Structures are given as structure tokens and as C-alpha cells.
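Trainee: Residues per chain, in single letters:
2 protein chains.
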Amino acid sequence: MASGEVASSATAKYLQIAADLAAQIKSGALAPGAIVPSEAELIQRYGVASGTVRKAVAELRTAQLIETYHGRGSFVRSRPPVQRKSADRFRRTHRQAGKAAYLAEAEASGGVPSVTVLFVGPTAAPPEIADRLGLPAGTQVLARKRRYFRDGVPTEEATSYLPWDVVKDIPEVFAENPGGGGIYARLEEHGHSLAEFTESVRARLATKPETKALTLSPGAPVIHLVRDAITTDGRVVEVCDTIMAADQFVLDYRFPARD
Amino acid sequence: MASGEVASSATAKYLQIAADLAAQIKSGALAPGAIVPSEAELIQRYGVASGTVRKAVAELRTAQLIETYHGRGSFVRSRPPVQRKSADRFRRTHRQAGKAAYLAEAEASGGVPSVTVLFVGPTAAPPEIADRLGLPAGTQVLARKRRYFRDGVPTEEATSYLPWDVVKDIPEVFAENPGGGGIYARLEEHGHSLAEFTESVRARLATKPETKALTLSPGAPVIHLVRDAITTDGRVVEVCDTIMAADQFVLDYRFPARD
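First to last, the protein sequences are chains A and B.
The numbers in the first sequence follow the UniProt record's numbering, run straight up by one, and end at 259.
The numbers in the second sequence follow the UniProt record's numbering, run straight up by one, and end at 259.
Don't read these hints as lab results, they were simulated from the structure.
There is no bait here: all hints are sound.
Any copy, or any two copies together, can satisfy a pair, since identical chains are not distinguished.
Result set (DSS-like, lysine-lysine): computed pairs, CA atoms no more than 30 Å apart in a straight line:
no.: 1; residue 1: K26; residue 2: K13
no.: 2; residue 1: K208; residue 2: K13
no.: 3; residue 1: K13; residue 2: K212
no.: 4; residue 1: K212; residue 2: K55
no.: 5; residue 1: K55; residue 2: K208
The model shown is predicted, which means the values in this text are computed figures rather than measured ones.
One chain only, chain A, in its complex shape:
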């Protein structure tokens, strides 16, 4: 919901029409896949000029509620239920039950998850990552790059970076499948007991390679999330850099009203 809705009496006509159509889509009166009434129909229905109708329809396109196909008209987008990401996905009990975070989370969202491992091997730490790991930029670290899918659609790409001295004695994390509970379970088995995670969340437009990797439309937004895994000794033993299709996720956080 736009914060502009508070003072609706002062809202431009085209925005009122867009809001009316959006309400029909959200209520299901205009169902996923349904064709949006034509420009001529909307002109008649709302008694406005064609420019006003066109601006209203453009608003719905921006809100990703409809898709327009040249010569065929506009259609209500099928909106897959978004996947919620909460801090709970890193609960130790999930790891002990043998579930990696993504699977634990995707189970709750109703989609069928899958993962493709794109790369596992040594790489030079990029500046921001090195900084978070407390290493000079370019230091060799282990990179693990994966692409995640829901119902066969790519939704995010994540690259984990781990310090070499941490992983060199943990052969499982060099494998495509690091085993039950994922790399956090392996780190903890090898004495790197995790105390907390930090996440930094940004949003921006997708770059060309991201557009391709996640099959996004040009100009689509992504969420860029960087997570540090921190041990009880205060060491960052993993930085995970994730690019997510913005329309596929809601990130949920919970924190105390502390002193």
C-alpha cells in the first residue's frame, strides 16, 4: 500500500482509476490471467480521456499487477505467493534436523524449492567481502555460489565466502552438497560455534547479468542482502552475498525494544 493513500480526496483521477482496478485485482474480481478491460471500455466506464486511462494502466504495470503484451492487451499477473525470509530460518534446531536454511524456509511458502551449485572453489575476496571478513582485499577465500529456484523459476543467487584457514580442514564444504544442515552445521561441528548473524539490506535495479541470471524484465528491482555469520569468539567465518528478485520475497525481522 502506497503511503499516498491517506489523503485520497486530493488524488489525481488516473490514480483513483488505478486504485480501483488494483482493488479488483486484489479482491480476485479480476483474477490472475484475466484480460484487463480495453482502453475503450475503461474510457467509457470511468468517463475520462484516453490519456488518463493510459496513465492508470501504466501505474498498474509499474506496480507489477499486470503485464502488457503488444497487440494482445494487458493481463493480470499470476502472483506466486512471495517467500517470507525470517531470522528463524537460521535456528540451530533446523540445522540439527538436517535442513539447510533455504529448504526450511521454502517449505513454509508452498513452492517446490531447488538449488543449482554454480561454483565451489578458491576466489580472490572482493573488497566489501574482504572488509567484512577482516582480510585484505584479494585474499584467497572459498566461494560457494548457488542459484535457487522455486517451482523451477530462479528467485535468488547467493555466494558464500569463507576464510581459507577456516575451511581448509573441513572437506565437506568443498563438496557441492555440504551435507545435512548445510555449511553452518559443518562449521559448528568443527568448533566454529555461531553466536549471531548480521544482515545488511539494500535495494536497487538489477544489472544486466542479474537480469539474465534471474530471468527478470529490464529495469526490475532486486534486493541485495549481505549476511555475516559471527562466532562466539567474535570472528566472521562466512559472508553470504545474495541477490534476490524483489517481487519474490518479503524479509521479516523481529527485535526487542531494548534498553
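Keeping the supplied structure of chain A fixed, place chain B upon it in accordance with the hints.
Mentor: Using the frame of chain A, we list chain B on its own:
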């Protein structure tokens, strides 16, 4: 940093050029406001075709590192340091010191903050808000809508919604300035002791009214953040709906690796 950087040997030429120029911008070799070398200069420097150079420059524009002005060329954007938002901004000690959350946070970012109150008064709760407050959609609640600026530039709009039975005996929250520590301080003084906050984070393209309110370019992304303030009794006493210019903020969270 794009996650596509891991396997750089397989990267298309135009992306290598874009990465090289981005590195110069990030290092300061190409300073804010500096003109980006012309197409002819880049063709000669990198020994590539004009189409390749044009794609590289388009990539930098998407990454919001440069701005192109017709007939004048491309310039390195002056990047105001982004404002970091951490859960710490809600510390009770900040409230007791008389600081509202935004001011506590903005102080750390180096910018000069200011606030305009756009609306304070009764409104019908929109569906998502009503749902979070545990009220039927359309129930009358108190809305407080503000626009926040940093160094005079609008960065976010936030609307707080509070249940009528909670606020009717707290005259201060009907005032433009609810006093030291903001509305959370007033709620706590009136017995609504806050236990925790939840935040839901999404990203999408700005709607037309948001583009106007925050003076964004068409097609710019926004972060949409919805926060619930929850009392020790488990009641949601405020929902705050915020639209933020995506290029102005980093949201920081911290959570335990709990069982």
C-alpha cells in the same frame, strides 16, 4: 557487488569494462562530478567497438554510478553517504534522552535531518494495516504521516497508524510534534510498555505519487518497510508504513543464532 563477479574469466567484454570503470569510481580515481571519458576515448582505451562501450556505460547508469545528460556527456554521481538504519534506533535509552528514532539515526550518518508533518488525524485503516492491528479493515485509527529529509532532499515518507482506543487519552500524539522521544515515549508513559518490534521489508519500483513525493527518477526502486510495535501484553499498538528511496538507505539487522 554483483554476485556475477565470481567467474570473471567468462564475463562479457562490456561487463569487464563496466567493472573497470566502476572500480575507478569506487576508488575515487574518477571523483564525484567528474566527466566520464567520451565514447571515442573509451573505444581507443579498451580497443572495442562503440556498441560495447555503449553497453558498458549503460551498465554504470543502471548501477546509479553515473548520470548522462543529453549533449553534455556522462558524469560520476555524487553519492551521498547512505543512511544506515539499525534496530538500535529504537533503544529505550534514546527515547529517554529525548531523541526520536529518525534523529538518533540521522545523527550518525552525517546529514542534516528534517521532518515535515503532512497529516495527523483520523483515517480508515487500509486492509494490510487493519490486519496487523487486529481490527476490521476500514476501522477508524489515528494516522500520522511525515516526510523526512536529509540535507533538504526527501528520503522517506512514513505513516504511523494507531488504534483509536489507545490514542484517545494521549493528546500529545495528536500534536504535530509529540514531544521528546516521539510517540513511542508517549505510548510507554501511558502504560503501553513496548516489548518488541517486527519489520517486513519489500522492494519494488516507485509508483507515480511516490516518485513525486521523493523526487525520484521514473523507474527508481523504493524499499517498502512495515513495522509493528508490540507491547508486553502482545498487542500491536502502532503500525508504521514507510516508503524509502532505495539509493538512500541500508537496513542493518542483527539476530542470534538461536536454538
